[in-house]
Amino acid sequence: MKCNVLSDFLWGSATASYQCEGAWNESGRGLTQWDEFSHNSDKNINNVTGDNAADFFHKFEEDIKLMSKGNQTSFRFSISWTRIIPNGVGKINYEGIQFYNNVINTCLKYNIEPNVTLQHYDLPFSIAKEGGWTNPKIIGAFNNYAKVCFENFGDRVKLWVTQNELRYYAHCSYLQGNYPPNHILDFESYAKTLYYGMVASALAVKTYHDMKLNGMIGIVHACGAVETLHDSEEDKIARFNADLYYIRSILDPALKGYFPQELIDKAKSSNIDISFIDQKYDAILKEGIVDFVGLNVYVRNLVKPYSGEESYMSFNNQGKNSNKLEGSAIKGWFASDDDPSTQKNFWGREMYPKCIYDCIKYVNNKYPNVPLMITENGVASYDQVEDGKINDDERVQYTKEFINWVIKAYDEGLPIYGYYVWSTMDLYSWVNGYEKRYGLVYVDFENNYKRIPKKSWYEYKKWIDTFQRNHLKEK
Numbered sequence: 327m328k329c330n331v332l333s334d335f336l337w338g339s340a341t342a343s344y345q346c347e348g349a350w351n352e353s354g355r356g357l358t359q360w361d362e363f364s365h366n367s368d369k370n371i372n373n374v375t376g377d378n379a380a381d382f383f384h385k386f387e388e389d390i391k392l393m394s395k396g397n398q399t400s401f402r403f404s405i406s407w408t409r410i411i412p413n414g415v416g417k418i419n420y421e422g423i424q425f426y427n428n429v430i431n432t433c434l435k436y437n438i439e440p441n442v443t444l445q446h447y448d449l450p451f452s453i454a455k456e457g458g459w460t461n462p463k464i465i466g467a468f469n470n471y472a473k474v475c476f477e478n479f480g481d482r483v484k485l486w487v488t489q490n491e492l493r494y495y496a497h498c499s500y501l502q503g504n505y506p507p508n509h510i511l512d513f514e515s516y517a518k519t520l521y522y523g524m525v526a527s528a529l530a531v532k533t534y535h536d537m538k539l540n541g542m543i544g545i546v547h548a549c550g551a552v553e554t555l556h557d558s559e560e561d562k563i564a565r566f567n568a569d570l571y572y573i574r575s576i577l578d579p580a581l582k583g584y585f586p587q588e589l590i591d592k593a594k595s596s597n598i599d600i601s602f603i604d605q606k607y608d609a610i611l612k613e614g615i616v617d618f619v620g621l622n623v624y625v626r627n628l629v630k631p632y633s634g635e636e637s638y639m640s641f642n643n644q645g646k647n648s649n650k651l652e653g654s655a656i657k658g659w660f661a662s663d664d665d666p667s668t669q670k671n672f673w674g675r676e677m678y679p680k681c682i683y684d685c686i687k688y689v690n691n692k693y694p695n696v697p698l699m700i701t702e703n704g705v706a707s708y709d710q711v712e713d714g715k716i717n718d719d720e721r722v723q724y725t726k727e728f729i730n731w732v733i734k735a736y737d738e739g740l741p742i743y744g745y746y747v748w749s750t751m752d753l754y755s756w757v758n759g760y761e762k763r764y765g766l767v768y769v770d771f772e773n774n775y776k777r778i779p780k781k782s783w784y785e786y787k788k789w790i791d792t793f794q795r796n797h798l799k800e801k
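Per my numbering, the sequence shown runs over residues 327 to 801.
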C-alpha cells in the first residue's frame, strides 16, 4: 500500500517525547513511567533525569526551522500519552492537544512532513504500575488514546507509527533490567509485552483504517539482519532461533496478522508460560496489518550457537568507563557473537555501516514489497565544543557510509522510502544521561539549551541536496 506522502524520498531526523521535550510537569502533563524511574535514585544508576531534556517543549520552532534550513523534509517525533490523557485513561488535556497542534502546524509551515509515533517507551505511570504492556487492559486504553490523536491530528499527519521498538523495550525492561520496571530474565513478562503490545498495535491500525483518513500507519522495529560468522548446522539453528526472537516476533504479526507457530512452540519448549495467549485477539491481529515498516538500524544481529545452562544479558550504560560489549545469551536459543575485525564504540556497540543495507534486503526478502523507511540510524559520541564549533568527524564518517548503503538499496529498486538520522538534536539518552550525544545539533545543557549545528548537520544538508539533484523519483 502506498500513498502520496511517499512519492518523494523523505530525508529527516528523529526524536522521542521524553528524551527531548522536558517540561515534565507543565501544561497538564501526567506522570510517566520514566518520571517515576528517573526520580528514584535506587533504580536510576546514573541519577540523571529527563525533566528538562533538550527543552523542545519551549524551543520546538527553533528546532524545526533548523531542520528546514538543513534541507530535511520530514520530522519523526513521538507524542507523550500523558500530555494528551494525563492518567492514561479518562480526561483529555487540551493544553497537550494544543502543544502538538503547534508542533505539527510549525512542521507544515516549514514544509516538513510530520511522522508521528504514538508510543516511544514513556507509558503513563498509572498504567505502568498496573503491569503496563503485560496487562491486557492496556489494549483498550491504548486504542482510545490513539483514536484521540487520530481525531485531533489526523487531518494533517499522514504518517503514523503505533509502537517504537516494542521488542527492544521489552528486552530492556524485562530481560536486561536497565529500563523500568527493571526485571531481569523475566521471560513471561517479556512475552506478554510482545503479545499484548502487538494486539494493541493492530487494534490501533484497524481504528485508523476504519476512520478512512488520508495517510499511512505502520510500526517501528529495532532491526538488523541475523548473521553468523560460520555456517555449521548449529549456526543455522542459532540463526533460525535468533530470527524468531529478533525479527519474526514483531514483523510476522505486524505484516501477516499472526505470531509464528515456531515461536510459540519454541517458547513452550523453553518453559515460558504463554497460557495468556487468547484466540479472541486473533481477529484483531488479522485486521490490523500495517501499511509500512520503519526500521531502526544501528547494528546487525550477529549470533552463534549457545549450549550454556544460564541465560544472561550484557549491556553498557557506562560508556568509556566500561569495556562491556552489548550482547545476549538465551539458553537453548543462541548467543550474541563478536566480529573481532569490526570497530566498537564506547558503549560496546559494533560500528558496521553495511548492516543497514543488509537489513533492508533481509526484511524485503522475508516480506516482499512492503514499504520501508529507516526511521532511526545514528552515531553516539562524546562531542566537545572547540572555538564555538563541533567537529564530530567520526559521526560524519559513519553517517556518510550508512547513507551510501541506503542509497545503494534505493538505486537497486528496494522499497525504501525514507531515512531519519537519530537524532535531531542532543537528547536525554535512556539511562545514560546527557554525555552520550547523537544529535546533528549540539545542545548546551548548561547554557539555556543553546543550539549549535554540528559539522554533521552541515554535511547532512549537503548530502540531501546532492541526492535530490542526482535522483529523480521515477517509481
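Keep in mind that the hints are not guaranteed to be accurate.
Said to hold, decoys possible - Listed below are the simulated EDC-like cross-link pairs for lysine to aspartate or glutamate, each with C-alpha atoms no more than 16 Å apart in a straight line: (1) 594 <-> 665; (2) 630 <-> 591; (3) 680 <-> 665; (4) 657 <-> 635; (5) 385 <-> 334; (6) 657 <-> 512; (7) 532 <-> 608.
Simulated from the structure, these hints should not be mistaken for lab results.
Okay, the hints, checked on the actual structure:
1. 594 <-> 665: violated, 32 Å
2. 630 <-> 591: violated, 21 Å
3. 680 <-> 665: holds, 14 Å
4. 657 <-> 635: Measuring from Cα to Cα gives roughly 6 Å; hence the hint holds.
5. 385 <-> 334: Since the Cα atoms of residue 385 and residue 334 sit roughly 28 Å apart, the hinted pair is violated (cutoff 16 Å).
6. 657 <-> 512: The given pair, whose Cα atoms are some 13 Å apart, holds under the 16 Å limit.
7. 532 <-> 608: holds, 13 Å
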